[in-house]
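Student: Below are the chains, spelled out letter by letter.
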Amino acid sequence: MKGTRKVAILVALVCVSLSVMFLASRFQLNEEPAAPVAKVQDTQKAPAETGGEKELTLTIGPKPIQTMKLLSFRVQLTGYREPEQLIVDLSMPGMVMGINRFNLEKVDANMYEGKSIIPTCSTGKTLWLAKVIIDHEIEKKVLFNVQ
Amino acid sequence: MFNSDSIYLLMLASGFLGGFGHCIGMCGPIVGSYCVLMEDRRFLPHLLYNYGRITTYVLLGGLLGYSGAFLGTVQTLQVFQKAVMIIAGVVIILMGLGLGGWLPFLQPLIGGSGGGRFTTLFSGWVKNIFSGKLPVAAFYPMGIVLGFIPCGLVYTALITTARAAMEAENELTGLLQGGLLMLLFGLGTLPALLLVGRFINIISLKMRENLYKLSAVFMVIMGIIFLVNGIKSIN
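Taken in order, these protein sequences are the chains called A and B.
Residues in the first sequence are numbered from 0 upward in steps of one, following numbering that gives the first Met the number 0.
Residues in the second sequence are numbered from 0 upward in steps of one, following numbering that gives the first Met the number 0.
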């Protein structure tokens, strides 16, 4: 009987853990990323990082940024040498959402563009993180919200 | 973005990592619920459920690979997915209520040995579900249906699949490549969900009766969340 009770407690703990994990993801208890990042404001356009003469600007459109819509990611580089490869990697802070990364192509002087889709998260979370990766060396992060 | 060889590995790895980092939290409760309803405690029902789920992924991958159009395909599918979410929510709520013995009007139907009022195949299944027993054969179709539940991780895998399929030589190649990519993704998610299911099975082997009420409450809550999310997604 004692053994049965122990098993019951174990089962209850597992169920409670699963419930907490499930509900935590629902109520977005864990959405702030550890690393400091620049937030994209309502205009959905803001400098991601500025260092000396260098500036990187990520613009996501069309606005408002919506999930399950084709989005354009434009990166403007100022003061950087011309990159051989520019990648945007999309992820959701606090939730594994798979690998969503794509190349940006040069469309104008210092201007690069790529397209992708941000999937809907059934938890209702709307905060996303875009990492702009230059030649696998430099990584800039931008937080933004989706609708 | 990725060369043709690395994308297959990437999908498998994405499924594997996503399985532990995403599926356990999101689908773990579903697995926990159906474990209580399992008539057969062996490994087979878990495999059948997961193969059903992977079957759906392969179908979606093939469809996307063939069409190469993520948005058009998904927008068409979303109507069906929302319906699945709502129906799944209602069924899970009823299963939870039935399991907890909180559906008095069902008791005459699910109780006793005769069950004479339920003679058709469909009603037999209904009786099984609401009496807390699911035959092994039910797990494969259940996996197929629940594989359609909208999931961000699966959407991301489908986006990658569609992107790869756009570079396919022709539609047939796209179809096969899409199906294979989603098969690898699904297989990647398999270990995490099998482990959760088996773990719950093992520790609950002798505790089925005591688990009923707790599981029933949990299922009702989960069903309500499914139902609310399904209705919200319509608006």
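Read the hints as simulated data drawn from the structure, not as lab findings.
Hints may contain errors.
[To be verified] In silico PhoX-like links for lysine-lysine, alpha-carbon gap of 20 Å or less:
id : chain 1 : residue 1 : chain 2 : residue 2
1  : A       : K130      : A       : K105
2  : A       : K68       : B       : K212
3  : A       : K68       : A       : K53
4  : B       : K81       : A       : K68
5  : A       : K53       : A       : K114
6  : A       : K68       : A       : K114
[Stated by the list, open to error] Covered stretches of chain A, as calculated for chain B (at least 3 residues, CB under 8 Å):
id : stretch
7  : 74 to 83
8  : 135 to 142
Idealized CB from N, CA, C, for every residue including glycine.
Student: Would you mind marking each hint as holding or not holding in the structure?
Tutor: How the hints compare with the structure:
1. A:K130 x A:K105: Holds - the C-alpha atoms of K105 (chain A) and K130 (chain A) are around 18 Å apart, at most 20 Å.
2. A:K68 x B:K212: 43 Å, violated
3. A:K68 x A:K53: Between K68 (chain A) and K53 (chain A) the Cα gap is close to 31 Å, so the pair fails against 20 Å, i.e. violated.
4. B:K81 x A:K68: Since the Cα atoms of K81 (chain B) and K68 (chain A) sit roughly 18 Å apart, the hinted pair holds (cutoff 20 Å).
5. A:K53 x A:K114: The hint is violated at about 24 Å.
6. A:K68 x A:K114: Holds - the C-alpha atoms of K114 (chain A) and K68 (chain A) are around 10 Å apart, at most 20 Å.
7. 74 to 83: violated (count 0)
8. 135 to 142: Since 0 is below three, the answer is violated.
Hints 2, 3, 5, 7, 8, counting from the list given before, are not met by this structure.
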